[in-house]
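In case you want the letters, here they are:
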Amino acid sequence: MTIHEYQLSQLDLLEAEAVHVFREVAAELERPVLLFSGGKDSIVMLRLAEKAFWPAPMPFPVMHVDTGHNFPEVLEFRDRRVAELGVNLVVASVPDAIERGLVAEEPNGSRNRIQTPVLLEAVEKHRFTALFGGARRDEEKARAKERVFSFRDDFGQWDPKNQRPELWNLYNGRIHLGESIRVFPLSNWTELDVWHYIQREQIAVPSIYYAHEREVFERDGMLFANNEFCRPREGETTFTATVRYRTVGDASLTAAVRSDADTVEKVIDEIAATRLTERGATRGDDRVSEAAMEDRKKEGYF
Amino acid sequence: MDLLRFATAGSVDDGKSTLIGRLLYDSKAIFTDQLESVERTSQQRGDEYTDLSLLTDGLRAEREQGITIDVAYRYFATPRRKFIIADTPGHIQYTRNMVTGASTADLAIVLVDARKGMVEQSRRHAFLVSLLRVPHLVLAVNKMDLVDWSQEVFEGIEKEFSSFATKLDVPDLTVVPISALHGDNIVSRSPNMPWYEGPSLLHHLEHVHIASDRNLVDVRFPVQYVIRPQSLQRTDYRAYAGQVAGGVLKAGDEVMVLPSGFTTRIAAIETADGPVGEAFAPMSVTVRLEDEIDVSRGDMICRPHNQPAVAQDIDAMVCWMAETPLVPGQKLAIKHTTRSARALVKELQYRLDVNSLHRDDTATQLGLNDIGRVRLRTTVPLLADEYRRNRQTGGFILIDEATNRTVGAGMITSAS
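Protein sequences, first through last, are from chains F and B.
The first sequence begins at 1 in UniProt numbering and counts up by one.
The second sequence begins at 1 in UniProt numbering and counts up by one.
Extracted from the complex, chain F is given alone in its bound form (with noise of 0.2 Å):
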């Protein structure tokens, strides 16, 4: 930071907007709870939180959706990560909903769209009424259209057409019984911010974002690992390959990028280079139609 010009470099810029996101949410909403899923993003975010309030604890628990297809270094990553800053761990299982019939299972055997109905489910009995989640408006073009502060109905629906209009730094949220509030504090920050404030704040993150070597089968031009959730198909073959992956999500569709970046320096450089989107290069879900984000969304989706 060059203080004598009173000039503040994009990060801290970046980080001066969460963070105030974060003390705006914690003033005027009661029940908040920060979505974790142990992807660099909400990992990013529990440091901006912890920065808001520091020295007092965050004021809010963290909560994880999970689908049940897990990879298992991003799992054990979570609990560590948790039982270090000490805050309370909401876990909404897609497993346990399906064995008491609130979704099924798809076709498919993606748990992607039945994630919501379970967190719409959660936010429901434990009246939380924001969410933070760690999307950016880079990642995708539905997200690029969606507010810092987006309201949702007693659905947990968005309505892209009908969104209150964001000036200066004022937010609006204010909600009627049953409604929230999604939150985004990284919605101005790239792919590339998230690396360069994970290199400049030394954050962890799962061993699977650097390059390792991995048993994987190549399926429409994408490399997902052989685990218990995703199998080769007949004419698939595995083989071992040097990757790393750029998402983390539901373990049977998030695909490796082959790379050899094991640091976070390589990694930067292997972003800064790249031609492909991070979810263009590594997920399954976006592949669906031009619109299946701004539709899942609709539906209630983070």
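By construction, these hints were calculated from the structure, which means they are not laboratory data.
For glycine and all other residues, C-beta sits at the position ideal for the given N, C-alpha and C.
Honestly, I wouldn't trust all of these hints.
[What the hints assert, rightly or not] Derived CB-CB ranges, DEER-like: (1) F:Arg219 with B:Thr235: 52 to 60 Å; (2) F:Arg31 with B:Thr235: 22 to 30 Å; (3) B:Ala268 with F:Ala83: 44 to 52 Å; (4) B:Asp236 with F:Ser9: 28 to 36 Å; (5) B:Thr403 with F:Leu276: 39 to 47 Å; (6) B:Gln230 with F:Ala83: 14 to 22 Å; (7) B:Asp13 with F:Lys161: 38 to 46 Å; (8) F:Ser9 with B:Asp291: 45 to 53 Å; (9) F:Ala83 with B:Gly274: 24 to 32 Å; (10) B:Pro171 with F:Lys161: 50 to 58 Å.
Dock chain B against chain F, hints included.
Below, chain B alone, put in the same frame as chain F:
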């Protein structure tokens, strides 16, 4: 590396999407899979060329109707700066979206078509940029290729626009002749227009000086959140968190807390990364005071000899953003800095025709996308500055108390 936020105004016809597409493409911020997806959609629709507006028109309704409905944010970086583009729709019925995009912008680009010159829309865009006090305005005269790179045409438009801009009190105006389609004067200077001696558009975006745009004179620290750890080690700890809205705060400074008027000194300015000597906008910090006085969210820390108005009568330019009109007598919720109150619409002084700038003082209401001068009376005092002096302490939003929707944006012209 620092960050520049800019808003773009203009319609597809002016080549705005092509310009944004060009900036993103030339700075390698368009990815192969995004481009392929746009090409696919363009082909399916039978477009004659790849429609780059599909990159920013992210909503289903926008893609179907081929129009931009809402502000889209796009990101790119050069080795010098990171950029956030607020891409705002140009049509009059989306005035509120342009106002939204401009509210946080350091710079705005208004596009005109060199063949058409200044049109009604260009005047409206320039007016909104000045109303929102965007510090830097760029007029991009596009499609220079279609007027044979004519210096005469360019200078005619430049002259007409500059004289109009003087009336608007635009602090910094730069006029650039470009061809977004062919890339002339976008990244590097165009060989087709040797008579133009100014910078390319990207060069200007990279170098425009924004450090002094913020108010570094009037200390304004709206208290956002009181931090009181409930732990045994820190039983007496009490500090005030917030984002600096103006001036430079230093440890040891004598300060006044409004509205109470108590004075004390800053004991320390803290962050999770340790204490800092100075804090300025838009840093988010935590301030500890020397004396234990009653301070809560919505209060303002300032200097004893430089205070904002403590005011319940507020005159402001209001941009109305809802279908149901603003009428005198109406009660609304108001949010200004970290302070919330209720406000009564006392008077509508005039409605402004955003195209002609004519003031209609017979107007009885403000409809969707109308802008007018309004007098409000608030239930509790606001700690307010004129918007022209400070965008953070001079701006507010109005909220409908029944629907909770944000229905208006206000820029304070005077407060007492």
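Consistency of the hints with the structure:
For the pair Arg219 of chain F and Thr235 of chain B, the beta carbons lie near 59 Å from each other, so the given range of 52 to 60 Å is met. The supplied range of 22 to 30 Å is met by Arg31 of chain F and Thr235 of chain B, whose beta-carbon atoms lie about 26 Å from each other. Distance hint for Ala268 of chain B and Ala83 of chain F: a CB-CB separation of about 31 Å, inconsistent with the stated range 44 to 52 Å. At about 34 Å, the CB distance of Asp236 of chain B to Ser9 of chain F agrees with the hint of 28 to 36 Å.
For Thr403 of chain B and Leu276 of chain F, the Cβ-Cβ distance of about 42 Å falls inside the hinted range of 39 to 47 Å, so the restraint holds. The given range of 14 to 22 Å is respected by Gln230 of chain B and Ala83 of chain F, whose C-beta atoms sit roughly 20 Å from each other. Between Asp13 of chain B and Lys161 of chain F, the C-beta spacing of about 23 Å breaks the proposed range 38 to 46 Å. For the pair Ser9 of chain F and Asp291 of chain B, the supplied restraint of 45 to 53 Å is violated, since their beta-carbon distance comes to about 34 Å.
At about 25 Å, the beta-carbon gap between Ala83 of chain F and Gly274 of chain B stays in the expected band of 24 to 32 Å. With their beta carbons about 35 Å apart, Pro171 of chain B and Lys161 of chain F fall outside the hinted range of 50 to 58 Å.
In this structure, the hints that do not hold are numbers 3, 7, 8 and 10, in rising order.
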